[in-house]
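Its first residue numbered 1, the sequence shown is counted upward by one per residue in the numbering used here.
Treat the hints with care, since some could be wrong.
With a cut-off of at most 20 Å between alpha-carbon atoms, the simulated SDA-like pairs for lysine to any residue come out as follows [what the hints assert, rightly or not]:
1) LYS68 x GLN104
2) LYS68 x LYS25
3) LYS68 x THR90
4) LYS22 x ARG49
5) LYS68 x GLU31
6) LYS70 x THR12
7) LYS18 x ARG34
8) LYS70 x LYS18
9) LYS46 x ILE23
10) LYS18 x CYS35
11) LYS68 x LYS22
12) LYS46 x TYR58
13) LYS18 x ALA29
14) LYS68 x TYR58
15) LYS68 x PRO91
16) LYS18 x ASN42
17) LYS22 x LYS46
18) LYS22 x LYS70
19) LYS46 x LYS18
20) LYS45 x ASP15
21) LYS70 x LYS25
22) LYS25 x ASP15
23) LYS70 x MET1
24) LYS25 x GLY61
25) LYS25 x PHE11
26) LYS22 x GLU65
27) LYS46 x GLU31
Derived CB-CB ranges, DEER-like [to be verified]:
28) ASP86 x PRO16: 24 to 30 Å
29) PRO33 x GLU65: 23 to 29 Å
30) ARG34 x ALA96: 18 to 24 Å
31) CYS35 x GLY57: 34 to 40 Å
32) ASP73 x GLU111: 29 to 35 Å
33) VAL97 x GLY61: 44 to 50 Å
34) GLY61 x ILE89: 17 to 23 Å
35) ASP28 x TYR105: 26 to 32 Å
36) LYS18 x ALA81: 25 to 31 Å
37) MET17 x THR64: 49 to 55 Å
38) THR19 x PHE75: 30 to 36 Å
39) GLY62 x THR37: 20 to 26 Å
40) ASP15 x VAL97: 19 to 25 Å
To be clear, the hints were calculated from the coordinates, so they are not data collected in a lab.
These numbers were taken from a predicted model, which means no experiment stands behind them.
By construction, the Cβ of each residue, glycine as well, lies at the ideal position given by its N, Cα and C atoms.
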Amino acid sequence: MFELLTGSPPFTGTDPMKTYNKILKGIDAVEFPRCITRNAANLIKKLCRDNPAERLGYQRGGITEIQKHKWFDGFNWEGLAQRTLDPPITPIVKSAVDTHNFDQYPPDADEPP
């Protein structure tokens with residue numbers, strides 16, 4: 001969820017050892033950027049507890065605990081289950097091979113770098 005909201009993982013370092021040390025410190029040591037709301041940060045932290053028994057959704061209420069979290073206020077869970085939600089973006093596709101909705105990239109080199 002952190003990566004979906006920011007575009008980067010919560011645990012990153014300049015080398016693998018630094019990344020690993022950040023992982024060992026846990027989610028509470030992560031500095032959340034401003035683009036993550038208080039409710040989103042709260043949900044992420046509750047989902048990433050070190051002890052699985054402490055994670056949101058593990059207890060008696062199960063997934064309902066997650067669905068009732070403030071970050072999901074106003075979300076139509078029934079619409080999701082019934083597959084009736086309108087997509088946020090509906091691309092216009094002119095044919096089966098139409099790729100104009102995708103970015104253009106240069107072709108790959110024939111030789112390795």
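Of the numbered hints stated earlier in the document, which are not met by this structure? Hint check: 1, 2, 3, 5, 6, 7, 8, 10, 11, 15, 16, 18, 19, 20, 21, 24, 26, 28, 30, 31, 32, 34, 35, 36, 37 and 40 fail, others pass.
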